[in-house]
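**Q** Construct the entire structure; sequences and hints are all you get.
Single-letter residue listing:
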Amino acid sequence: MTARDIQLDDQGRLRHFLTTEGLPRELLERMLDTASSFTGVIEKSIKTVPLLRGRTVINLFFEASTRTRTTFELAAKRLSADVLNIDVGTSATVKGESLLDMLRNLEAMQCDMFVVRHADSGAAHFIAEHVGNDLAIVNAGDGRHAHPTQAMLDMYTIRRHKRAFEPLRVAIVGDILHSRVARSQIHALNALGAGEVRVVGPRTLLPRHVDRLGVQVYHDITAGLRDVDVIITLRLQRERMQGALLPSEQEYYQLYGITQERLALAKPDAIVMHPGPINRGVEIESAVADGPQSVILNQVTNGIAVRMAVMSMCLEGRGASVQEGG
Amino acid sequence: MTARDIQLDDQGRLRHFLTTEGLPRELLERMLDTASSFTGVIEKSIKTVPLLRGRTVINLFFEASTRTRTTFELAAKRLSADVLNIDVGTSATVKGESLLDMLRNLEAMQCDMFVVRHADSGAAHFIAEHVGNDLAIVNAGDGRHAHPTQAMLDMYTIRRHKRAFEPLRVAIVGDILHSRVARSQIHALNALGAGEVRVVGPRTLLPRHVDRLGVQVYHDITAGLRDVDVIITLRLQRERMQGALLPSEQEYYQLYGITQERLALAKPDAIVMHPGPINRGVEIESAVADGPQSVILNQVTNGIAVRMAVMSMCLEGRGASVQEGG
Amino acid sequence: MTARDIQLDDQGRLRHFLTTEGLPRELLERMLDTASSFTGVIEKSIKTVPLLRGRTVINLFFEASTRTRTTFELAAKRLSADVLNIDVGTSATVKGESLLDMLRNLEAMQCDMFVVRHADSGAAHFIAEHVGNDLAIVNAGDGRHAHPTQAMLDMYTIRRHKRAFEPLRVAIVGDILHSRVARSQIHALNALGAGEVRVVGPRTLLPRHVDRLGVQVYHDITAGLRDVDVIITLRLQRERMQGALLPSEQEYYQLYGITQERLALAKPDAIVMHPGPINRGVEIESAVADGPQSVILNQVTNGIAVRMAVMSMCLEGRGASVQEGG
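Chains as they are written, first to last, in my numbering: chain G, 1 to 326; chain P, 1001 to 1326; chain E, 2001 to 2326.
Calculated directly from the structure, the hints in this document are not laboratory data. Please note that the accuracy of each hint is not assured.
What the hints assert, rightly or not - A short, non-exhaustive set of chain G residues, derived as facing chain P with CB atoms under 7 Å:
no.	residue
1	54
2	82
3	108
4	109
Claimed, not checked - Label-pair ranges, simulated between beta-carbon atoms:
no.	chain 1	residue 1	chain 2	residue 2	range
5	G	260	E	2209	43 to 51 Å
6	G	87	P	1286	23 to 31 Å
7	P	1133	E	2086	31 to 39 Å
8	G	130	P	1012	40 to 48 Å
9	E	2067	G	87	17 to 25 Å
For glycine and all other residues, C-beta sits at the position ideal for the given N, C-alpha and C.
**A** Structure, rendered in structure tokens:
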């Protein structure tokens, strides 16, 4: 079964959101449109809508991430859902058979959605395959594989600033190899028709055969940034340093850091993005991160609206008949 | 003061739920009936009812149990109560006088219910004795003493599958000695008029004088399971192994594990229960746990409805006059 | 910019609540009046009002305090706000530039209020200076500097029992030097017109030039308690013992402990207060803490109403035009 099969129901509606890969353009566009309607809501002083009242969302985090959990919790509460946080930890007890037993137990509590974060690639997909029809799974990051809500909030941010994707040149800069965000962004950008997607980084931080994903590969930052409309900076996981993949933070910054000087290579109205939290002076110069072309904080704001859109799309249409009958 | 006295008010209504021991049959039956009405609610897509809107429930856990806390949190939220989780830990600071000071402080915050989990037998009872009339205490497990909501969800599960208790033969299998669940089940089964209650286990894992609780004692599993309608498997606490009470998990499974072969000794329509989480290949064979006669996941589902029933019964009638006056 | 400037808007309304210092008497009195209206609410069985429905409050605790967090969480929920708890810990990662990045991120999630607890004096003030106009900051204790909601619940408790502040003699007893509560109380008592404010303690536990705060200084407890209307006992931080500031708990109790004998020095209708948790036999004798003149548990109850007042005052008037337009 492909990811596409499991993510969509018979009528092509979103059942789970595990990856941006393989999803049709119309569905991604509808997600952006739905997020757009919620952006109006969260700018009001009363930021809640009753769309998911009486629904229960469980944040099932096998890997700690206060930041990501907070955004999902906020999104769910703004939809009036009840939210439970379960921090599982990646202990031996939740592997293999025990993980399935744990899922069956949580499922028996008749919740509506699990937001899953896991250090292993494919974990959210595995869970989606093993739960019943009543439960929606949203991937909040699984290993190196995917982080689709982050990618879609990036798409939303690009569309808010640039309107159409077709004419855009987008450069993704940094550690593509270990980045679940980059994979999800590349699939989404291609599905949404972006004119040109570039990846820019050292050979050691690019996946083998990355060009097969539909991207132009640049090792030289000067060439990579020339005339782009959007610069997406990736976060450098500092633990990579120890793996001899990178000589030092200083050298990385010298070779790939986004400085004001390099920003000038892009189009004058280019925007600069970063999934956060930023390492100032490593991936990006403070003057750029805090400058007029940075949309990094807009990304955070947009993340709430996009997660509201994902959650409501995954649950819409479910249980309606029972509800009418009840 | 007996447990019965403290659990009921002048009109015989439930004030606290500390133990199934000594409670009248009608009250336990009313609890099952109330749970039944909530089962309809939680099968809808909008699973909340406004019964406890504006009420505050504090999950006061002196012993960590994500699983139990989650079910109480879900039950409270489905009744529209506000829930606060306080994980106290069993530190020296919450013993003796300090515990009382802590209780008085929480009580002064004018909450409506404490759901208490504690490693010491009698802790919930102690707390119920020391709080004022406005506060209801629900025992979510105290040492080896009682786990009454687990027992009542088991009763509810039995009634859903078997209707009347009178004709039933029920076998409780395993470590009765250390099980708070078993004690609560035995009292409830007897109060509800179960035809025959058997306990099945090795001498080292049965309490002295267990027959005085109104049960038939079996050491041999073949005899113990013959012609029963309900098999309740207890969880084997693995730490017991070290106490020389049990030779090994393998030997326990050989002597008392519920296998398909042994299940065949029971009536053909017998159901198999377990409070979870199960140790596959220790207390129970996977083919039985996942088989057609297993109702283990139904127990989990029923746990929410039963806890909703307990919470609403403990609070009904309280504060009504103030509310009307306000 | 002074604390007063940053705490009030152009029309003199409360924007942040960081300290009692410099706030006008009318505003403090309005806070007490507002709390008084909420006291009626929380004595009902339905304890919630919809004042902050759709608003989001983040409890941002850089220093753990279950007790304080619980009271703010309860207060926010009784105002129908959504509450998120973020326990930051005082790690290196949240200092300096990183703290600002974290704040900007949380701010971008469009919440309405941060309740901040921090081990460093001035932290809440620093945060208030660095967030935008849409966000209110409430200080839940910062180092030795201030704990203004605790001080205001003390003022509320005094007014409930004594009505007018003018004729009162108030003695604050104990470790004034390290107490954020004492500083906030002294400013509030003086602003509210208390007749005489005394501080009573050993030289080693009084700040230099404490008399400049507008208090009478007593080292002798017998003189210090004579004819007072209110005795405020401070909590003795046991870690101070190691600093050689205090010889021993026993000696402290002998010199400054509030015993029944010493209580008799005060007016016959004097009340005894303590911010909790109390150290019995160190700052206070059990017979006094539990006696008829103690209002220690009333303080806890009043804390909810006062925090509701602070939260609603900080948010009232904000975003109203957007809300109407929406």
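**Q** What hints, given by number in increasing order, does this structure fail?
**A** Structure breaks no hint.
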